[in-house]
Amino acid sequence: MARPLVVISGGSRGLGAGIARQCLDAGYVVAAFSRTATAFVEAEQQRDPRGERFYWAAIDGRDDGALNRFVGDVSDRYGAIDALINNAAVGRFGAFALMRMREIDESLAINLRSNIVLARLCTPAMIARGAGAIVNISSINAVRGNAGVAVYSATKAALDGFTRALARELGPRNIRVNSLAPGYFDSDMVKGLGERQRRAILRNTPLGRLGTVDEIAAAALFLLSPAAAFMTGQTIIIDGGLTL
Amino acid sequence: MTAKPNAAEIRQTIHRTIAEIVERGGRAAPAFDDDDLLVDAGLASLDLAALVARLERVWRVDPFLEAVAITEIRTVGDLCRAYRDFIDPA
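Chains A and B, in that order, are what the protein sequence lines are.
Be aware that the first sequence starts at 1, since it is given in our numbering, and climbs by one per residue.
Be aware that the second sequence starts at 1001, since it is given in our numbering, and climbs by one per residue.
Only chain B is shown next, with the shape it has when bound in the complex (with noise of 0.2 angstroms):
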């Protein structure tokens, strides 16, 4: 990872890498927020491995590799503060 990210930059990557990869699917991208189910945001399971992946070339980091289960991730919301919390734990 190069410079950490601040809350807000995780937030606005993770959203517009969410509907980046709807969209690469051929879906309109629905208007989600934090609260909303990743489903509900348009995201597959296999999608969501997709976003990980890509995500881990943003901030070379997978959360969900050791430190997180992925089940315990329901919204876009949790999928944040994952990241937030896994790339700077204080």
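One chain only, chain A, in its complex shape (with noise of 0.2 angstroms):
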């Protein structure tokens, strides 16, 4: 039978590349782009300089055309996509009084629109087939308010109301469509916190600690996989218990 193959935006770097990695160990085709190479897509080509498993291009999600370029080539050499991660995001954080237009439109461009895009162009395929599975990763932002994050908390819950609508308009056709909400993780973006408020984060988080990419990007696989096969428009949020 032939590797189900996954589409991942976003997924050279942090929970992006913690997806990739685990998606590959669990036998999928990783198809995945990013605007720049890491070292984790270097490390990968260099594994699989023929690209049988793993395949990654340099795309900016905002450039519709790449976009549909990308998924053409992506199934034209692997066939059918059976599954998208849209992990695509950027955070600029700050005082929304004080938020530059430019950081506001590129908020929407890449968290929203980009992942909405992509995946009005990997549906047609999954509804042809019958089959197939989509995770969009939301935020604890999306269901909490929380300050100097408003563009960023907007963009997501609106990635939670359209995992709802396309969850069912597409479940007739076996599609599923999840949200996954991480808390604060071992990522880029908790490493710009203070010291202060990183322990705010712990006293507040029932676990004590910090999530890991590993733990998050397990929660995305298994919204993926066959275990998840009879959940659909759902959020789920991974926290530590944070938002208790």
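No lab work stands behind these hints, which were simulated from the structure alone.
All C-beta atoms in this analysis are idealised placements derived from N, C-alpha and C, irrespective of residue type, glycine included.
Errors might be hidden in some of the hints.
For the chain A half of the interface with chain B, some residues (derived, Cβ under 7 angstroms), not all of them [what the hints assert, rightly or not]:
1. Pro124
2. Ala125
3. Ile127
4. Ala128
5. Arg173
With the hints in hand, could you dock these two chains into one complex?
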């Protein structure tokens, strides 16, 4: 049987790379893109120079034409796309009243629009095949209000709404759509936190620690897997209990 | 797109693919012609998405990505025209 194919946006660093790594370990063919290559991408390309299991392209998700070509190239090369992880995002944080228009546009374009466009490009083939799974990477900021993340929160909450509507629309065609809302985990976004903020997060987290990339990636893999075959339209919060 | 299909080939491929999709859904494909509404040919809205995906595999084009609104397509003939005009605008 052919290996399942998963497309991962922003699949070169942080959580995206962690999900890609676990998908490879679980037997998937991984097709990922991001704006720039990373040590993870280079290592995988060295490990698999013919691109049998890992394909990466340098793409800015705001370029619709490039996304369209990427999906076409991947389909030609590996066949039907079985799953999609919409992970691409940027974190532009700070006082909303001082945020530059360019930062607002960039957040909306990458965190929301590019992921919607990618889903638009991947779903027709899933419908034709009668199967598929989509996981949108959301955030606990979509379900709780926090200062300094207004635009980021708006994009992630919009993705959750997109998840629910699409789940209802595509469920009859055996395509599942779920959101994964991570809390604070060891990522570049968390590195930007001050020591006081970090202590406050740990104090308010029942499990008393930050998450790890591997823990969040494992939840994404679960949502793709047959173990989640009866789950769709859900936002799964994985935050050590912070939002309780 | 490899070789540019002519209008008759586009029509034939679309008619055949509609019938295949309807039958794949476990229904008998009704007799239909260009004047028939897509829904009367047996296509639900998601069937139309499947049809567009399959035609994209054949001709490597999706007119509905940018150029044409799917809401403008009501009949089988509308669909054939949309592909014909997109593939060969002349």
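Hint by hint, where does the structure go against what was stated? Just the numbers, ascending. none
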